[in-house]
Amino acid sequence: MVRPHRPRHRLNRPFSGSNRLSRPPPFSSGFEPPVPFSPDLSHPRRRTGIAALPPAMTTLWLANTAALLLPVSNLTNLLAVDRLGMSTREFAGRLWFPQLVSITVTAVLLWVFFWRRGRRGTGRYRPPVAEAVADPLLFRVATGACVLFVAAILLEVPIQLAALAGAALMLAAFAWRDRSKLTPALFPWQLLVFVVGLFLVVPTLSRYGLASVMSSLAGTSGGSGGDGAYRVAAVGAVLSNLINNLPAYTVVEHVIPAGERDLLLALLIGTNIGPVITPWASLATLLWFEWCRRRGVRVPMLTFVLTGAVLVVTCVTATVGALVLTA
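Just so you know, we're using the numbering used here here: the sequence shown kicks off at 12 and counts up by one.
Rather than coming from a laboratory, the hints here were simulated on the basis of the structure.
A few of these clues could be false.
Unchecked claim - Restraint ranges, calculated between C-beta atoms of paired labels, are given here:
{"id": "1", "residue 1": "C157", "residue 2": "A196", "range": "18 to 24 Å"}
{"id": "2", "residue 1": "V224", "residue 2": "R100", "range": "33 to 39 Å"}
{"id": "3", "residue 1": "T215", "residue 2": "R151", "range": "45 to 51 Å"}
{"id": "4", "residue 1": "L159", "residue 2": "R128", "range": "37 to 43 Å"}
{"id": "5", "residue 1": "E142", "residue 2": "F205", "range": "44 to 50 Å"}
{"id": "6", "residue 1": "V316", "residue 2": "C157", "range": "29 to 35 Å"}
{"id": "7", "residue 1": "G270", "residue 2": "L159", "range": "33 to 39 Å"}
{"id": "8", "residue 1": "T215", "residue 2": "L148", "range": "47 to 53 Å"}
It should be emphasised that the depicted structure is a prediction, and the values quoted were computed from it without experimental measurement.
Cβ coordinates follow ideal geometry from the N, Cα and C atoms, glycine included.
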């Protein structure tokens, strides 16, 4: 019998990626983490024998559950930061432990559902040959732009200025090194229209009874104790999967009393971790499904819904518990 070539390594880490920089990411990708990683979903299957679904689900789940730590992690955090009145350091200081809990729970469930032996497609894998960076200078500029963006946020530079500077640097770099990659498709027109529409429609609906319905469901009159935080998070998670997490956050935020920071943070937990059950639950999930379709990654819908439901119930409960515990 011919044995496989060596060296081979046991598959003990579910994370893989590529160092190839082939195009600039859409400007929305800073807030929707699946976007820049999705083109690499087919690499594990093609190069290592790993099934396509485990790394795909890892990308989506962690994109949602690992986006609590900074105000710029996603759009819901950006919507909340002014209302919270917290600096970046205060925000991170309050949420670091809930974030740690959510990542831990996610990692455990990823292993249970997708990465256990027999589910990941292979027990061992051959380390693929590292791909050469297509343009080392452009790669270094992009890396530097990301590092400078994070540093600017930590130094309390206004988010819009930090993002504008990073975008301008990358536009200049691609205009110099690879102008063909700069196309109108990079601008997030759909996101712009969606967000503008959101801020027009939600206040109008709130005036005509939606606010009272949300107040009854979320029980926001009861204060920010443990029960209140769990209830707000649950409403945010369920509503996110029904209508999308951005309008869900905006609708519930309107009925949370001023000064109730922990209720707002619990709502963030529900609307960040929650959108993993339905394909329309967040913009990130929609984009992820589109990338899977383009790359030929089959996503069984029943598996997606059922495992997502387990993740939401388990992870939201544990993360809100960490929030209440550190209040």
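Quick rundown of the hints versus the structure:
Taking 18 to 24 Å as the suggested C-beta distance range, the pair C157 and A196 conforms, at roughly 21 Å. Between V224 and R100 the CB atoms are about 36 Å apart, so this pair conforms to the stated range of 33 to 39 Å. Taking 45 to 51 Å as the suggested C-beta distance range, the pair T215 and R151 conforms, at roughly 48 Å. At about 42 Å, the beta-carbon gap between L159 and R128 stays in the expected band of 37 to 43 Å.
E142 and F205 have their C-beta atoms about 35 Å apart, which leaves the hinted 44 to 50 Å range violated. Look at V316 against C157: about 34 Å separates their beta carbons, and that is inside 29 to 35 Å. Checked against the hint of 33 to 39 Å, the C-beta distance between G270 and L159 comes to roughly 35 Å, which is consistent with it. At roughly 50 Å, the beta-carbon separation of T215 and L148 lies within the given 47 to 53 Å, and the hint holds.
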